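Input sequences plus hints: build the corresponding full structure.
Which chain is which? The protein sequence lines are F and D, in order.
Our numbering puts the first residue of the first sequence at 1, with every later residue one more than the last.
Our numbering puts the first residue of the second sequence at 1, with every later residue one more than the last.
Heads up, some of the hints might be wrong.
Just so you know, same-sequence chains aren't split out, so a pair can sit in one copy or run between any two.
[Said to hold, decoys possible] Below 27 Å or equal to it, Euclidean Cα-Cα: the simulated DSSO-like pairs (lysine-lysine) are: (1) K404 - K474; (2) K326 - K57; (3) K259 - K336; (4) K452 - K309; (5) K22 - K452; (6) K309 - K325; (7) K433 - K320.
Don't read these hints as lab results, they were simulated from the structure.
Only a predicted model underlies this, so the values are computations on that prediction, with no experimental measurement involved.
Protein chains: 2
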Amino acid sequence: MAKEVTSRSENYSQWYNDLVVKADLAEQSAVRGCMVIKPYGYAIWEKMQHELDKMFKETGHVNAYFPLFIPKSFFSREAEHVAGFAKECAVVTHHRLMNDPNGKGVVVDPDAKLEEELIVRPTSETIIWSTYKNWITSWRDLPILCNQWANVVRWEMRTRLFLRTAEFLWQEGHTAHATAQEAIEETNRMVNVYADFARNVMALPVIVGHKSPNERFAGALDTLTIEAMMQDGKALQAGTSHFLGQNFAKSFDVTYTNKEGKQEYVWATSWGVSTRLMGALIMSHGDDNGLVLPPKLAPIQVVMVPIFKTEEEHNAILDKMYEIKKELEAAGHSVKVDDRDTLRPGFKFAEWELKGVPVRVAIGPRDLANGTVELARRDTLTKESAPMEGLSARIDALLEDIQKNIYEKAATYRAANIRKVDTWEEFKTEIQKGGFLLCHWDGTPETEQAIKDETKATIRCIPEDTVVCEEEGKCIYSGKPSSRRVVFAISY
Amino acid sequence: MAKEVTSRSENYSQWYNDLVVKADLAEQSAVRGCMVIKPYGYAIWEKMQHELDKMFKETGHVNAYFPLFIPKSFFSREAEHVAGFAKECAVVTHHRLMNDPNGKGVVVDPDAKLEEELIVRPTSETIIWSTYKNWITSWRDLPILCNQWANVVRWEMRTRLFLRTAEFLWQEGHTAHATAQEAIEETNRMVNVYADFARNVMALPVIVGHKSPNERFAGALDTLTIEAMMQDGKALQAGTSHFLGQNFAKSFDVTYTNKEGKQEYVWATSWGVSTRLMGALIMSHGDDNGLVLPPKLAPIQVVMVPIFKTEEEHNAILDKMYEIKKELEAAGHSVKVDDRDTLRPGFKFAEWELKGVPVRVAIGPRDLANGTVELARRDTLTKESAPMEGLSARIDALLEDIQKNIYEKAATYRAANIRKVDTWEEFKTEIQKGGFLLCHWDGTPETEQAIKDETKATIRCIPEDTVVCEEEGKCIYSGKPSSRRVVFAISY
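Structural data, given as structure tokens:
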């Protein structure tokens, strides 16, 4: 093996970290809590960005860019927002360094203190709504449908690569509407864009639903979420879309003149996904050999490894491989020929398995003579012999099948780990086994908090589903009546 | 007119600002020195990014992402770098806010002081080379060819939208090589990528050359630059590529084992262009009616404006326009139909001229009957009638011609404003008229500084050109011998 990976059963958390680091996705930096996203990891993130950006534009959104810094006072404007976001954050207090008068390096210049401290954005509602105030006068200026690709900083105490880092990359959509109805529709539209993306691009089955008030975004009237199940049975919140009502419009005094000539406050939404999706991708599909990437996000979809004894064989096989590569690239696939002559094929196989490349093509002297190749798929680890003739079409079909199979595997795992639980005793036992528990809840924040305090489980979402969840019952904790089941789980 | 634009002759600086703000490219934000890039401006930047990113990848580079924050001590490691960059910068000193004990908003929590201050990156050499140390062991790990798209912050006292802002967006390439020769080749390769991009995409004629030691990047052994002439005759540095020697490798102790088994320090380059390019684009092509965008960067290449009296006419023309739009889009053009029914055509014409849309298509009832359209080009403000039949091909040719013409116009302007100057008296007069002066210089920093102190002019670059510049002569200031002319100008 190229690099040893801890198995999931031995230590799931270490397994995750091994995959991130050993597959060259990311690493810790010299700055506490901030990661370096390495080229291979960044290439996956770029593919995510590309697909999402296309989906945002298809739904009428445009990109813009707002400042990294937010004046401290802006956070005090929206009461709930300040409580949620203005706590653990990076605070800029000075704007100059100077040579240390004692001759040792540089020190902060005490004369360069800012009048008002600046916060490195943890999210941009406040700075964006202070800007929208100047953009909006009449109903003709609405809707505004902006998205921003940016870095944000939340000073997390415990960090994990991709899942929780002080700095992370994300996109944040911020829209402004004339009516509540329109804003609610936008909130729904975007959570569904996220769900489509998760399912069809990331091969990630997700449950769409509302957050309970305890778990809502600070300043939102409603938060919609997509929740995914990881292979340890924990939930991961993969994207959220918020209906913000008129809260930010009121805090920043953003009004418009409606068609009847009356002044009204503007309605808002915001929605975002982040590099956390990388964590979801790794944890839902990876196995004990390494990453398993869905073809739609794999920076390399097909890797070709020559099997040879002599240099002559190597050269002949490589020639053929470059020929095939051209053909596959013309069909739109990304292909790498591993022509390193100092490494054994077994080492290369393990390395590309670790990196999750969906399809491996091996060619030996006998294959070359026969006009065949050995095809191996990463998801099932199965192999087949295939003729070189028509290889592109075979690989097309294979990639499509892998994309589908990865989704189905994750969906099957999830289905096996969702169960209905109806009593508190059962809940306390079952929640320790992991998975999603569908339970009745009395709808109060107090009950949710009590359940969390006792079991660490939270309500991941209240699905809109009408088949399984919509039924009368009694709250597992308080016994009070409930009209629908919600999803409980322990989460990342 | 939709919005009044100051003319260039009246006030060039105000004209520039009018274009940026009134064409909806960018605006000042609530944070001193930080701008908001508005959707129309950001769409142009996205196109620049897209083209550049493609060129970087074609030359073998990959993208990655490094932390926003840099520990203060890192800046002290490279002696010249600290002098150049660790001065005016944003310093993070705390990581938490708390509720004001006096009940007024939030204040910085004095208990959350960082042990070591963090600097918001003004450029990333230090944090990247501290990372490369872990990536490089042997010659097999080289070269490393990384690029990063990111925001950076330099605390500028006087800011101008796009040209000089506290926060700006850019890309920074950071490469590591086994030999000086390879690093020098990379430095050259990338300045030529920038020159190609400027000329062929931005329609911007640029001069490629070396910076004089006074104007070099802090920590570089050599800086290559592309310099463009704006319409006021001033120079704008549009992109730079630095040969950093082994300075950063030595500061961060980055060595590799060469093929002979010996430890060697690694050789470095870095290169970058920023949202400053937006400023160059606006100032080199714009006219008194507004922006003039090269078709390759125009978010809207063709705008269609209906001319009508009755609603019936409006509808019939719009139907035709949507039909034509489809056809043009299929040919790869971006097209907008301006179907706003509350605005007069004259108003719309002025608005799209202000926004620099290369081609305008107007259709009136008579055109509709005749199967013709009125085509207007933004660069020359000329109009022609064209048959609807074959319109796509006509527009293809027109866009290509506009791209070419804009470049030629700028090149002609530049040619008219470059002149050889051979005496100090003449220099002092000529430099006030603007333009580039080709002069002999004795090669000393003292002379360059003296010329700058007296005239504000600096050496923009030392071109490698062998036709015009390579000749024996005498320094305009000191009279000492010189073997080549260099480019002097007053710059942005």
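Quick rundown of the hints versus the structure:
1. K404 - K474: neither (38 Å within a copy, 74 Å between copies)
2. K326 - K57: Classified as between: cross-chain Cα gap 17 Å, same-chain 32 Å, threshold 27 Å.
3. K259 - K336: between (59 Å within a copy, 26 Å between copies)
4. K452 - K309: Classified as neither; 61 Å inside a copy, 67 Å across copies.
5. K22 - K452: neither (35 Å within a copy, 53 Å between copies)
6. K309 - K325: within (22 Å within a copy, 59 Å between copies)
7. K433 - K320: Result: close neither inside a copy nor across copies, 51 Å intra and 64 Å inter.
When held up to the earlier numbered hints, the structure conflicts with 1, 4, 5 and 7 and fits the remainder.
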